[in-house]
Amino acid sequence: MRTVAETTIPELPLGERGGPAQPLISARGLIKHFPVKGSGFLQPKKVVRAVDGVDFDILKGETLGVVGESGCGKSTTARLLMQLIIPDQGDILFDGETVGGALPLAQYRRQVQMVFQDSYASLNPRLTIEESIAFAPRVHGVPQAKAIARAHDLLHRVGLEPVRFAGRYPHELSGGQRQRVNIARALALEPRLVILDEAVSALDKSVEAQVLNLLLDLKRDFGLTYLFISHDLNVVRFMCDRVMVMYLGKVAEVGTREAIYENTKHPYSAALLASMPKMDPAERTEEPPLSGDPPNPIDPPSGCRFHTRCSMAEGVCSATPPPLAVVSSEQRAACLMSVPGSGHSHAPKPAAELMEA
Amino acid sequence: MAAITADIVPAPIAVPRSPGFWSGVLHRLCRDPVALAALAVLIVIVAIAILAPYIAPYDPTKGSVIRRLKPIGTEGYFLGTDELGRDMLSRLIYGARLSLIMGVVPVPIAFVIGSIIGIVAGYAGGLTNTLIMRTVDVFYAFPSVLLAVALSGALGSGLTNALVSLTVVFIPQIARVAESVTTQIRSLDYVDAARASGAPAFTIIRVHVLGNVLGPIFVFATSLISVSMILASGLSFLGLGVRPPDAEWGLMLNTLRTAIYNNPAVAALPGVMIFVTSICFNLFSDGLRQAMDVKS
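Taken in sequence, the protein lines are chains A and B.
For the first sequence, the UniProt record's numbering assigns the number 1 to the initial residue and increments by one for each residue that follows.
For the second sequence, the UniProt record's numbering assigns the number 1 to the initial residue and increments by one for each residue that follows.
Since the hints were made in silico from the structure, they are not lab data.
Don't take each hint at face value.
[Unchecked claim] Pulled from the structure, derived: some chain B residues nowhere near chain A, Cβ distances all over 12 Å:
id, residue
1, W22
2, S180
3, L210
[Unchecked claim] If you want the footprint, here are the derived chain B segments under chain A, 3+ residues with CB under 8 Å:
id, segment
4, 105-112
5, 244-251
[To be verified] Derived contacts from chain B toward chain A, CB cut-off under 8 Å, selection only:
id, residue
6, P16
7, R17
8, L188
9, A199
Positions of the beta carbon are idealized from the N, C-alpha and C atoms, including for glycine.
With the sequences and hints as input, model every part of the structure.
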């Protein structure tokens, strides 16, 4: 007969700390530059500015969507948050505590988990499904039988009957089933934040819808917070409470879903939204709203990084980097048109100038 | 998250397990006639080596001046006699013992050491990787034969020294394969997922890396057995391995070379044995590699 102390799963060291108003995660000035291979020898050292000064908050219980073109730093941001790569500069605060400072990395790891895009590459082909899910709890000292029982419970929760699936190997499952396994694996440590890095992008549309609904159910049942990275603006609109638009390693705009989708203040967000395929044939556009590829992140444009492709760009845009200006209580945009007195012709006039005129 | 706590979780149900990776490999290997034939020949050769005292018709070291260099098919000497009048069949049977030892022993030792070096370098990456692999490259830069001869020459002749030098020759080759496979696995998402779960590096290597890298390294190592046999024969041929009058195929090839004009068929026999054994090891390792390819 085992005692209660032995059978209880070790309690998570952290629960709710700072209250509901405290952001779950605050990223402060995250910078990550990757050195370019082969540079630095008899020539200037080059770096890819993958993430170049990013600040954002993820509020408790919300889903924050991150959108942007390929190479804008979405996935790097996710890996920085996961501490899979170490930022060159900047801090991550989890519920008010600095990760790696007041909050040890080991404790942080249990509360933040990630689901990757490639459902096959993210499962060890030599382990059965239940072994993959039970691995993380085993690492944290949960006894084998208990970890397997938890794996079965989670498989049931993500819609895979343990009797049929627990003993199988990843290659015997479909993409949608594998992604359900990955979600179960991410939940095995009972995290508070789950980072979904293009987690549904590789799935068929019908399967994608099922997995999205599953994610919404799990979020409600387990009180999760999501960081939802995607390039599909329709999916982000369906899933997210707030949206962050990234461009070339910087935040272009962040705000509530309604603010971004219906009242965007950044020309880049506007162009992205205009690039969404229209359901109504009468509204189809012939011209692509954004032409060309994003500039090279090794040598980004001066001033506002979007000015090379922006239809509203003026001389001042190539000289002054725009701060992330507060547009309203629920929206911030990094565009000189939103900064009073910035010198852009569309910028709001400061009160002093208006009074003079 | 209180839903998944101890009091309501039932005991784990027994779950039918799918056939694992290795049973799949065995299944595919069993349908490869070439690999099976090669394996059968190898088993026969190993059996002959083990049972040598019982099946060899004569003492392999006892010669006679009056029956030197008898051709193949001579009455009583089925495969003829060598330059000292010793029975070739007996010498080939006994020679299988030393030749197999020289071919097989260095490879598992190099497999263990080389895998550890390569996996550590591949998993650590960065500066550690550079330091380890550039050191390995120094050894790799020498041609295998030259390195084996140089090491054996420095250590002196003899079976043990030959085995040591062959092992040292193979460690860099296995380490390089291990390093490249580990670097590949290291970048996969399931290793990142394991790191994100907070698992220590040793646990990640044990659970997630080893199972996925040992297969390819193992296949490469089996292909080295034939190389090892040929190198070992070369060492014996040069007088750096086994010493006369012991029977070893490489050494026999050396001593019989003087008879190549008088009795070429007999002189070629040890070479034929080396060829057959090493090609069987190669064919078998090819079959193994194909069987381990999950996509097939």
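Here is how each hint holds up against the structure:
| no. | hint | result |
| --- | --- | --- |
| 1 | W22 | 9 Å, violated |
| 2 | S180 | 17 Å, holds |
| 3 | L210 | 9 Å, violated |
| 4 | 105-112 | violated (count 0) |
| 5 | 244-251 | violated (count 0) |
| 6 | P16 | 5 Å, holds |
| 7 | R17 | 4 Å, holds |
| 8 | L188 | 5 Å, holds |
| 9 | A199 | 4 Å, holds |
Checked against the numbered hints given earlier, the structure breaks hints 1, 3, 4 and 5 and satisfies all the rest.
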